[in-house]
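Put together the whole structure using the sequences plus the hints.
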Amino acid sequence: MTPQRMVGDFDCSGEDIERDWVARTGCWSRTERVLLTYDQVRAYELPATKGKQGDPRWPAFADRYGFDPRRPVQWEVEALEPAELQRLVLAAVDPYIDRDVLARQVAREEAQRRALEEFVGRWGAASEGPS
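Numbering-wise, the numbering used here puts 130 at position 131 of the sequence shown, and it's gapless, one number per residue.
Check before you lean on any hint, since a few could be wrong.
[As the list claims (entries may be wrong)] Distance condition first, Cα-Cα at most 16 Å in a straight line; then the derived EDC-like pairs of lysine to aspartate or glutamate:
#1 Lys49 / Glu75
#2 Lys51 / Asp93
#3 Lys49 / Asp67
#4 Lys49 / Asp8
#5 Lys51 / Asp8
#6 Lys51 / Glu109
#7 Lys51 / Glu75
#8 Lys49 / Glu77
#9 Lys51 / Asp38
Simulated from the structure, these hints should not be mistaken for laboratory data.
All of these numbers come straight from a predicted model, not from anything done at the bench.
Here it is, written out as structure tokens:
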């Protein structure tokens, strides 16, 4: 079964969403984090923000990644440059895109766009009426 792909912040709550999603939905047996991962946080040198004080998941998370257990931190996916965020998401879904289906859908949307433009053009001409 294909895993559920997810995008989220890198923090103890975000990491737990993956476990919770599998437990609650019954649709997937596992999830795969596309971003934000620990390696991406390091590679992009993203700034940490203050984490949630008192989150019971923080100590285990801190231990797993070598963080100070007294100072909760988190990283927001929005800290990535928008173009890079888009590139990473598109790269993650690209292997699952059926190019034939996509091409048919794009052609259908183009036909609908042309029909709407034609309709709007006729509407404007009809509302002007005779002078």
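Run the distance test for Lys51 versus Asp93: straight-line Cα separation, threshold 16 Å. With Cα atoms ~34 Å apart, Lys51 and Asp93 exceed 16 Å; violated.
Tell me if the straight-line CA distance from Lys51 to Asp38 falls inside 16 Å. violated, 21 Å
With the threshold set at 16 Å, check whether the alpha-carbon distance from Lys51 to Asp8 stays at or below it. Holds, at roughly 13 Å.
Decide if the proposed pair is consistent with the structure: Lys49 and Asp8, CA atoms, cutoff 16 Å inclusive. holds, 13 Å
If you draw a straight line from the CA of Lys51 to the CA of Glu109, is it 16 Å or shorter? violated, 47 Å
Does Lys51 pair with Glu75 here, judged by a C-alpha cut-off of 16 Å? At roughly 13 Å apart (the allowed maximum being 16 Å), Glu75 and Lys51 satisfy the hint.
Under the criterion that the straight-line Cα-Cα distance not exceed 16 Å, is the pair Lys49, Glu77 satisfied? holds, 15 Å
Lys49 and Asp67 were given as a pair; does the straight-line alpha-carbon distance stay at or below 16 Å? holds, 12 Å
Hinted pair, alpha-carbon criterion (16 Å max): Lys49, Glu75. Please report holds or violated. Holds, because 11 Å separates the two Cα atoms, which is no more than 16 Å.
Checked against the numbered hints above, the structure breaks hints 2, 6, 9 and satisfies the rest.
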